[in-house]
Structure formats: C-alpha cells, structure tokens
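Spelled out, the chains give:
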Amino acid sequence: MTTTALPPLTKKDFQTDQEVRWCPGCGDYAILAAVQAVFPELGIRRENFVVVSGIGCSSRFPYYMNTFGFHSIHGRAPAVASGIKIAHPELEVWVATGDGDALAIGGNHTIHMLRRNVGVKVLLFNNRIYGLTKGQYSPTSEFNKMTKSTPFGSPDRPFNPISLAIGAEATFVARSVDIFQGHLKDTLKAAAAHRGSSFVEILQNCNIFNDGAWVGLTEKDARSEHVIQLEHGKPLVFGKNRDKGIRRKTDGDIEVVQLGNGISESDLVVHDAHHPRPSYAFLLSHMEHRPGFPTPIGVLRAWDDLPRYEDVMNEQVKEIIAKKGPGDLAKLLKAGDTWEVK
Amino acid sequence: MLLCSPLGSRCTTGVTPEMSTLAEVPSTKTKREVIDQAVIRFAGDSGDGMQVTGSQFTNTVALYGNDIATFPDYPAEIRAPAGTVPGVSGFQLNFSSDEVHTPGDSVDVLIAMNPAALKVNLGDLKANGILIVNSDAFKEGDLRKAHLTTNPLEDHSLDKFRLFPVELQRLTRAALQHLGLDAKAMDRCKNFFALGMCYWLYNRSMDPTFRWIDDKFKKKPLVVEANKLALKAGYSYCEATEAFQVSYEIPPAQLSPGVYRSLSGNQALALGFVTAAQKAGLKLFLGSYPITPASDILHELSSYKDFGVLTFQAEDEIAAITSAIGASYAGALSITTTSGPGMALKTEAMGLAIMTELPLVIVDVQRGGPSTGLPTKTEQADLLQALFGRNSEAPIPVLAAATPADCFWIAVEASRIALKYMVPVIILSDGYLANGAEPWRIPSIDEIPGIPVQFATKPDGFEPYKRNPETLARPWAVPGTPGLEHRIGGLEKQDVTGNVNYEPLNHEKMVRIRAAKVEAIAQDVPNVLPAGDPEGDLLIVSWGSTSGSITQSVKAQRARDRKIGHLHLRYLNPLPGNVGEILKRYKKILVPELNMGQLLWVLRAKYLVNAVGLNKIQGRPFKQAELDQKIDEMLGN
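Protein chains in written order, with my numbering: chain A, 10 to 351; chain B, 0 to 636.
Any given hint could turn out to be false.
Here are the simulated distance ranges between beta carbons [claimed, not checked]:
(1) B:Gly-482 to A:Asp-337: 34 to 44 Å
(2) A:Thr-259 to B:Lys-218: 50 to 60 Å
(3) A:Glu-324 to B:Pro-503: 47 to 57 Å
(4) A:Arg-299 to B:Val-84: 53 to 63 Å
(5) A:Gln-325 to B:Lys-218: 19 to 29 Å
(6) B:Thr-456 to A:Lys-327: 23 to 33 Å
(7) B:Pro-85 to A:Glu-99: 45 to 55 Å
Partial list, derived from the structure: chain A residues whose beta carbon lies under 8 Å from chain B [claimed, not checked]:
(8) Gln-27
(9) Val-29
(10) Trp-31
(11) Ile-53
(12) Arg-55
(13) Pro-71
(14) Leu-100
(15) Gly-336
(16) Gly-345
Just so you know, the hints here were simulated from the structure itself, not pulled from any lab data. Backbone N, C-alpha and C define an ideal beta-carbon position, used for all residues, glycine too.
Please take these sequences and the hints and turn them into a complete structure.
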C-alpha cells in the first residue's frame, strides 16, 4: 500500500463527538488514547478501518473511534469481524473485546477466528471482572476470588488468555498493560504489521469493581521484578538490576537463574518470536503460573508465514474463475439434464 | 414361486454392449398398456442406495417429459443397524402425463429390498399393486431383524398384491462375477438391478442413468462397468423372463412450453440466491453451520466459486448468522441457512440485524421438533417462531415457498425485499420441499426481475439512519467509503443520526418505524387470488409445502360440484393486503397445517374469523384422503 498519497492523519481524526462514558480512572481511557495515537501512523486511510466489538465496558470502544464501527452482540465480535474481512479483505478490521466477551460467551468464536488466521486484530481488555453487569467474576478472575456472584470465593480456575490463543495456534500473540503507554503503542504497531490474526491481551484495571487487578505487575517497585519484557532476538532478562534470566534446562524446560557467578546473558534463552511452532511461546505464556517466574509482556509469537483465511478463500474463487471462466447465470440455470416442452 | 432360479446365467450371457439401446426396443412378448399416472416407491436399508435409485428414476421420467413429485423419506441415522426397521430409507415418486401436485397417497409399485422395508411400507401399497422384493434378503436372520415371526413371502400375507420375488443379490453377483469385484462391491450394485427392472416396467431409456454413472464414477472405471452391467441385467431379466405380464407407458405431460429441469427445494434456493446476487451485482456470502435438512444449500453454494460465492462454514449457528451480518455490513448479499434448532440459536443475532437495519436472508428448512426432534422429517411448526421468536418488538418479513421449484423464486424475492428495505427476511422451507423435486421451467435471465441496489457514497448530508421516505430504508454505507465513517450496533438508535440514544420517546418512535417499515412491504406484495371458486362454501387457506396436496384435493372436491376456494400464502409477514377481504367471501374457512394450528392462530387473531384447523404432526405431508375427509366433515357428504 502506498502511503504518499494519503492525507496526513492525526490522533484527532480518530476521535468522535460522542461523550466517552467509561468510569473516571478506567484503564480503557489509556487503551483508547494509545489506539487513537497508533492508527494515524499506520498509513491506512481512515475509511478503511472498521472497529468491531461485542458487549461489555470495553465494547463501547467503537463509539469513540471515528472510523467505521460495529458494536455487535455479546461474544460475537470475532464472527462479525470475520464476515466483514472475508467479504471485504482490503479493510483493516480490529476487534475490541473483554475477558467475559472473548473468553466466556464468545470463547468459541475467539478460538475459531484465531485458528483460521482471519486477518483481524483482537484487543482483549482483561480486567478480570465483569464491569458492565457490576462485579461478577470473569473467566480470568483468580481462583477463590470474592465477587458479587461468589461471596465465598470463586470455584473456577482461570483461563490464561495468552496460553489459550497460542493453544489455538494464533499466529500473533502479545500482551501489554494499559498504563505502559509506550509499550502498549509498540505492541499495537506490531499487531498492525502482522497480516494474519493478531491477538493482544491488554492488562487493564477496573478501579470500580476490581481495583488493583494487576497491581502485582504495575506497581513501580514490582514491575521489573515480576514482569519480563520480551524482545525478539534478545536474551530473556528481568529484575530491577537486570540480574535475572530464563535459561533452558537439559530436559527442555526453563528455569530462572541469577546472573553472575559464571552465568551470563549468553547462557539465557534468546527470544524467538518468529518460531513457526507454538510450543516455545506456550512455555513462555505459562511462566507466570510458576513460583519465582515473571509474567511475560511483549510479543510472544509473531509468525506470519501462514496464509490468511480470506486470502485462501478469495484465491480459490480466482483460481476457479481462471479455470472455468466467470460464471454464466443462464448456463447455470440450465445445468444438468434438461428437456424441452414445445 | 421363484421365477428366476435358472436365469442368472442367462442374464449374464445376455449382457452385451448393444443392450444399452434396449430401452427403445419394445418388448414383443408382453403387453404394453398406456396409463396416465403411477406412484412408485423404492424402499430398503439406508445403505442400499434407495435415494440414488429414486433420484435416477425421477430424472429419467422427468427427462421423458412426465410431471413429477417426489418424496424422499430417510432415517436420521446414517447407518442404523442393517436390516432393521429404523434403518429403512424410502423414495417415492409420482409421475404422470397429467399435472402432479403430490407424491401420491398410496403406491402402485413397491420395491422392497429387505423384510424391514417391506414391513414399513406395505401399508401404502394399493391392493393388486406390484410388489418387487429382494428374496435373497428373507432368510431367518433377516426376518428376525425386522421382528417378523413368519416369512411374508411364504405365509400368504401378500396374496392381495402382485408379488415378484427376485433374487437380487444372486442375480447381480452372477451378472458381475467376471469383473473380479468382491462380494460386497457386487452387492452394492443390486439397487441398479432393481432400477433396471423398473425401467423395463415403464419402458424407459437407461441412457440418462448411464450418463450419470459415467460422470459419477469417472475415476473408477470398474465401478462404472459394474453399475451399468447391473442396470442392464435388471432390464434384460424382465425382458428374458417375462416376469411381468404387462409393461406400462406413461406419455409426457402437457406442461407449458419451455426448457425444464428437475429441481429440489434446496437446489432451487441455492440457484435463487446466486441469481439474486447476480441481478443485484453483489457478492454472495453464505454463513452456515451444517444441519439437516438444510445442509444441501451449503453444499450447493460452495460449488459456485465461479460466481464468486463465498461460503463460510462457521463454528456454530451464531457465528453463521453474525458473520453474515458482518458481510452484509461490508456490502455483500448475505444469507444464512439452517433448520429449527439453528433458528433458535440465531434469534439474538436476528435482533441485531433488525436494529442495525442490514439486509440479510435467513433460511429455515423446517423439520419436526421441538429440540432435536425429527431431523429428517418434515413439519411446519416454526411459523410462529419466525414471526415472533425474538426478544422485544422485532418484526421480520417472512416468506414461505409453496413447492420445491418455488424455492427459487422465493429466494430471489426475499433477497429483493431485504436489499430494498434494508431488513432481515426469513424464508420458511421444510424437509419435504428441501428434498422433494419437481420439473422447473427454466426462466430466461430477462424474465427474472432486476434488483437495483444503491450504496451511499456522498458524505454531504449523510446520516446513517436517514430514511428513504418511500421504503423507510436507511442508507447502506459500506466501510471503505470516504467520509461515511459511522458507528452502528445493537443499542437503540437515535432517529436519523443513529447515535446511541436511551430517550423514552425516541425508543417508541424507533420501534414504530421498524414495524412500519415491515408493514410497508405489503404495498410491494401482490394481492393474492384464491384458486378454484372465488367465493362459496369453503375457503382453504394454506402456506408452505401443503400447497400440493391441497391443490389436488380442491380439484377433486370441485369436480363434485362443491364451491371451494384455495388461498395459498407465500407472504406471511406482511400478509397480502386483500387477505381479510377474501376470507369474508366464504361460509367456512379451513386451515390445514403440519403443526398445531399456527397460521390458524394468526388468521383468527388478525381477522377475527372463525376458521378451523386440520392439524397433522407426524413428520409427514398430508394425504389427499385426510383432506377430503375433513372437507366432507365440514360440508357434509
């Protein structure tokens, strides 16, 4: 796509006249700001953007983006978006969804869209709670969490959205955090650059029903100790003093090691986001569930060699037309055995 | 009793290449009778190929020029235990030199491939009817599987029929033994032996079936050879044995001039949608999830890639419709196809299509219910679901096809309405229409009305919910159009701007506009004319696939000088404007339906008329006799 002929777009071009109706202090504001900042930089005409959502706080997103937008029904955004993208592959289709929308009621559509590799970008706002229905636990809430619907603690074990997406063999899987604006924008840009399905989990706070949802990762002191930023081609290092790392064990598993005492960065795993198989990314996605391991953010997987669903589908049409010629309606209606009555 | 014991070898040796022309050689040894109509039913195990056999016979007689109506009746199980009653699959065909409206109440010829098929179908065979049975399948074990204690071929229970026991298995094997196939492969051809016999019985050419075999098995020459040989063997068996005293000739029917093909309801819907998309100049997008008896529409459309048709086999019924809504938003003619259980799942999304005012066609090929119900059997019990089965005030136009070929025109018309008025439209078909076939006069492309479509392109004065004053349609503003960026969704819309709006008066206004838009379609719906008497003692009102049996019945009743009219409705919402007036012209009103009285309920509620119902909920179409009985009851004998 040539970008030279495009009128320069700014963040303002993507803002609507609609009053934003999220609670003051909601993490969604930060995500909206980041998306509005990134879209003008993508070299795509504004009219080619379509933002699709389901139901939930995050799904109000399209109303605040001055693009084409479709606020659909609960859980179905990936299916609506797939229909748009298949019918009109030139469009740049983004989905804004939440942990309930994408992983509970819409879990089926999420995994199927990802395994098909439809060229749609999914932003999953994960605040680990149902906000719009006022405070029930979600599929990402911690085990034993006390909420309105679980006064004695939730009996559910949570989904790890990143593991789920990689399990569905999504070709682009990343994670960022609402308040890490720089990191978030970079992650969105990387997602935009991917042709196949992109899945970005954005850890987000709900200061009304689940305040401090990610405080263990976002507190200034905790950040560097508990979060590891993945960068393709760089060793897996973390810690306030960048003194810890992830090393491969001989059995193929990974371990956290203290740098120094004969262990250097060259002993560590070098992040390979472009690996064609998903098993390494899955291993990383699961680190946070293990004692002493950090939570990964950044791009876990970006393997773009798989053809997009809509391309395969439209290619098939082209091939058949090249072979048989464009369909002739009169011939079609008369196909097969016919007889004439005079 | 066995007519054929020494004949296996004669069949085999008798098969020569030139025998393919036997069909044109009249038999010299038997009498040929010209008749005007016959009903034949092929019945066997679901693995016996009865549907293929029936379809081949249908195709052949249709090509010859007979009018036809078919009724395939098969079990939900792909392969129920062989030889058992639940595994029986049947295919019935009524073919005639006159007009045909139903597959027929009872059959003249029954082909039963095993005891279970005989047991299930014998009740429908006319006294003195021809009964061809595969006598090889009547051993003790076979009888046990059908829960028979005595052998019907020996216990005289079949004395009132013209029984022809034929060793189909042995004779087929004998005809094919030189090919080197295993026994199982040879046995798979015995249905074509039976088909060959039927071609002889009705003096029909084997050529159309030869052509079909050539095409179907083009990559398996041995299978082609085997099937052709079996077919010819069956034909020459009749020729050589003089098994039948008489063969029959049913001359072509006097259909209106034109080029015809045989068409099933599901095929017709698929062709109708491709035609509508071409006429509208749009891409066709189908979002669908496999479900009986609607899947054939998906199969059919998935083969029309040369027309740019996009078929998306979704992960579930909900994704099927929501992807179609997405494609519609993106500017395609979008459809979704399903049956009752799938309709239930699509309900919420239909509301979304109503709210976002996007064109969409939803096809419900009805089957017996509720829940999983009778997947392969027909019923008309989704009418109220189609009319009302959504939360809140959610009107949708509803159209219903009357015959298999009418499905073509209904698909075109539903697409036209959806695109003109920017609404979702429901088409009701049913299992009987879906699988049944009839001759269809192929229209010329010019005969099919054009479907004008206009996308919004100008940003000046563009408002997403500013309406065309005539149709109340909102503009179709497709993503990718500069300056038309806007947001739509399931939340209530402000009139004109389409912005989210919760104001009480705006909501009421929008609910009324959505209703008025659907009502306004009535102006675009032709008035209906009752068939038969324009006024009189009885009006029969019907919709959907019961059209054929009612037409037949009304014809017979009017021949008895009864003043009966028949009003068949293809538009169920909105109803044609003159229905109320027609209802007043008759003393009594009868509404026969394959449900508990759903149209009846609508007519009584809407027109305050004292109509009565005739209701059958057996997964089967009406028989003419059932209708006649009710009419007699209402009008006196």
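Please test the hint of 50 to 60 Å on the beta carbon pair from Thr-259 (chain A) and Lys-218 (chain B).
-> Since the Cβ atoms of Thr-259 (chain A) and Lys-218 (chain B) sit about 53 Å apart, the hinted range of 50 to 60 Å holds.
For Glu-324 (chain A) and Pro-503 (chain B), compare the CB-CB distance with the range 47 to 57 Å and indicate the outcome.
-> holds, 51 Å
Interface restraint verdict for Leu-100 (chain A) against chain B (beta-carbon cut-off 8 Å) | holds, 5 Å
Would you check whether Gly-345 (chain A) satisfies its interface hint, that is, whether its CB is within less than 8 Å of any CB in chain B?
-> Holds. Min distance 6 Å.
Arg-55 (chain A) as an interface hint toward chain B, with CB separation required under 8 Å = Holds, about 6 Å.
Is the hint on Ile-53 (chain A) kept, meaning its closest Cβ partner in chain B is under 8 Å away?
-> violated, 11 Å
Pro-71 (chain A) as an interface hint toward chain B, with CB separation required under 8 Å | holds, 5 Å
With respect to the beta-carbon atoms only, verify the hint that Gln-325 (chain A) and Lys-218 (chain B) lie 19 to 29 Å apart.
-> holds, 22 Å
Was the hint right that Gly-336 (chain A) lines chain B, CB cutoff 8 Å?
-> It holds, given that the least Cβ distance between Gly-336 (chain A) and chain B is near 4 Å, below 8 Å.
Taking 23 to 33 Å as the hint, is the beta-carbon distance of Thr-456 (chain B) and Lys-327 (chain A) inside that range?
-> 27 Å Cβ-Cβ, so the 23 to 33 Å window holds.
Please verify that hint: Gln-27 (chain A), Cβ, nearest Cβ of chain B, below 8 Å or not.
-> holds, 7 Å
Consistency of beta-carbon spacing, Val-84 (chain B) to Arg-299 (chain A), with hint 53 to 63 Å | Given range 53 to 63 Å: holds, Cβ gap about 59 Å.
Figure legend: structure checked against the earlier numbered hints; hints not met, in rising order: 9, 10, 11.
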